[in-house]
Amino acid sequence: MKQSASLRRYIITRLLLAIPMLWILLTIVFLLMRVAPGDPITAALGGRVPEEELQRRRHEAGYDRPLIVQYVEYLKDVATLNFGTTLVDNRPLTEVIVQNGAATLELTFFAMIVAMVSGVGIGLLAGRFRDTPIDLGGRLFGIILYAAPVFFLGFLAQLTFGKWLGWLPTSGRASPIVTYELQTHTNLFVVDSIIERNWSALRDVLLHLIMPAMVLGLVIGGVFIRLVRVNLLQTMKGDYVEAARARGVTEKRVVYKHAFKNALVPVITVMGLEFAVLLSGAVLTEQTFNWPGIGSELVRYLNNRDYVAVQGIIVFTGIVVVIVSLMIDILNAWVDPRIRY
Amino acid sequence: MAAQVDAPPVVIRRAGTLRRMWAPMREARGQPRVIVWVGIGITLLFVILAIFAPLIAPYGFDQYRTAEGVRFVKQEAPSAAHLFGTNVMSTDVLSRVVFGARTAIEVVLLSLFVSMAIGLPLGLIAGYRGGRLDRVLLLFMDALLAFPSLLFAIVIAFLLSQTFDRSMITAALAISIVYIPQYFRVVRNHVISVREEPYVEAARALGAKPNVVMRKYVLQNVIQNVPIIATLNAADAILTLAALGFLGYGIQPTEAAEWGYDIQRAISDAGAGIWWTGLFPGLAIVLLVTGLTLVGEGLNDVLNPVIRKRAIREVTLPPREPEADAEPEEASA
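In order, the protein sequence lines correspond to chains A and B. With the numbering used here applied, the first sequence corresponds to residues 3 to 343, in that order. With the numbering used here applied, the second sequence corresponds to residues 900 to 1232, in that order.
Source of the hints: derived by calculation from the structure; they are not laboratory data. Think of the CB as a built atom: it goes at the ideal place given N, C-alpha and C, for glycine as much as any other residue. Be careful, since some hints might not be right.
One-sided excerpt, in silico: chain B residues whose CB lies under 10 angstroms from chain A [what the hints assert, rightly or not]: (1) 966; (2) 968; (3) 1048; (4) 1139; (5) 1148; (6) 1166; (7) 1174; (8) 1177; (9) 1184; (10) 1186; (11) 1190; (12) 1191.
Listed next, the stretches of chain B that the computed footprint assigns to chain A, with coverage defined by at least 3 CB atoms under 8 angstroms from CB atoms of chain A [what the hints assert, rightly or not]: (13) 944-951; (14) 1036-1043; (15) 1140-1147; (16) 1154-1163; (17) 1192-1199.
Modelling step: build the complete structure from the supplied sequences, incorporating the hints.
This is the structure in structure tokens:
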């Protein structure tokens, strides 16, 4: 009873804290985009459209109004989830988010599975056999994975599995035919092809997914290896572990039954931070494998100096990040009753 | 305690701090010791490459023809004339890798300096003063920290490049934005835990001004963690620089050789089976980042009291006499 009440209070406090955080993020983005010289219209279309046309569109979009008015307008738009329309190709940003965001979601979801399996597995082994060759090997593997840029691993994978072995396609989400034929329901190609019961499409989509997801997942997993190992070592020094040993519990049981679960609690916390790393990595992975995700779109719109599109994508990412960190904090508080306000 | 009352000359205390910081390194045994020294070795190798780049590299980083004006063959496989081959721009891959070390180290040092110069004092003040200032700063920094750092760096680099050139300084500034919140957070949290320690209270009770307390007592203690964060951040900063270069928001290719940019140009080579253009810059990144991470990890193992193993700890203590029971009696008597 009391326990759930305090958890509820924690959730409410945490929710309230998320609001100023989001507001600060939004304000930073707004200021950044306005600090840049010139207005968005000129930046995106300047030189390609006559001056009167620029003037008209600037007025239409409201860029000639005082900054504070634009700022309030901007907050209102974000609150109603109205992200506007891109300047260079007139696409509603919601469409960019739904279509390209789905590609990113698919990539990051599978990458996260790879990361969890490889990271927790190897980290556990390294911590369990501390100071043995297994430990050293696991740690080195983790460090090297951490040290390798995603795009470099991608390059190596493309060379090996794409060019030399010829097992996997090196770019895109699916073959052109599949992309053309596949009926989209969710924009998640894996889900779509299952809904359609189109197994050859599913095979094609999964083949395209393997390399990017493995590369991104392994890099993220490298961080988990270090984390799980250190946490396991720390929990192994805990009194209750000592007590379990004293009772004559076997070392194996001590590690897996007593220490392991507690060693995973901090991993949940770090997963929140890792989510941001995951998104950063996704931008690079998408760029390496021509994956039409939201990161590729961001880079494309940046190159076209489309401030509206860039702002929309960044704001959307910010909202996602705040929501995810909120969820992870709540999950964490639920798992670990010591975390309360 | 007596030392504080006697107020020994500052010089001696400085040396003491340095020695105290170094002491765990000497006491370290086993794996951490090996890890730190291997890391230091790798890092030094790259520092040497960076300093003597013009002497070590066979050609200039943007040189695409011999002194006689004969153009290098494009994408030529490794040979005696070009040990690592040439890339799509007809430049020598080995030379670009060597000069890339210089770029990486310069940019990273610059960005670390900037982020420390801002993050450290802010964290110190916020942690020590507390109150509203602390809450506002914390919220602000947390918002920055939660956001994917690379996205921030890209946008900053892009915006800076609109007004300034895409130079080393813009890259360094864009990168430093990423690390300011980290320094702030670590320093602030540590300061808060140190703030209530008896020795800080004692200093305050003796009438030391807040500035003095912060500098002499709090900072001295907090600064011990900075080398760990700094080396780990340096490793991370190299990756961020490479990522910026890879996405085309790093340093102008005419200004300096940069590994990330080279890999971006090499991605399209992979389909043709050309491996040398991407492999060598990539390996350089992996090696340098690994080296720095090893130093940081090792330092962490050495300095973190929870997981450290020290030479002293290995010695088994002589069996204790049951005097533990006697002590409280003595004290009460």
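Hint by hint, here is what the structure shows:
1. 966: 32 angstroms, violated
2. 968: 33 angstroms, violated
3. 1048: 6 angstroms, holds
4. 1139: 9 angstroms, holds
5. 1148: 8 angstroms, holds
6. 1166: 6 angstroms, holds
7. 1174: Holds. Min distance 5 angstroms.
8. 1177: 4 angstroms, holds
9. 1184: With a closest approach of 6 angstroms, the residue 1184(B) hint holds.
10. 1186: Holds, about 8 angstroms.
11. 1190: 9 angstroms, holds
12. 1191: Result: holds, 8 angstroms to nearest chain A Cβ.
13. 944-951: Per the Cβ count (0), the hint is violated.
14. 1036-1043: Our answer is that it holds, as 5 residues pass the Cβ test (under 8 angstroms) against chain A, meeting three.
15. 1140-1147: n = 5 at 8 angstroms, threshold three: holds.
16. 1154-1163: Holds: 3 residues of the stretch 1154-1163 of chain B have a Cβ under 8 angstroms from chain A.
17. 1192-1199: holds (count 3)
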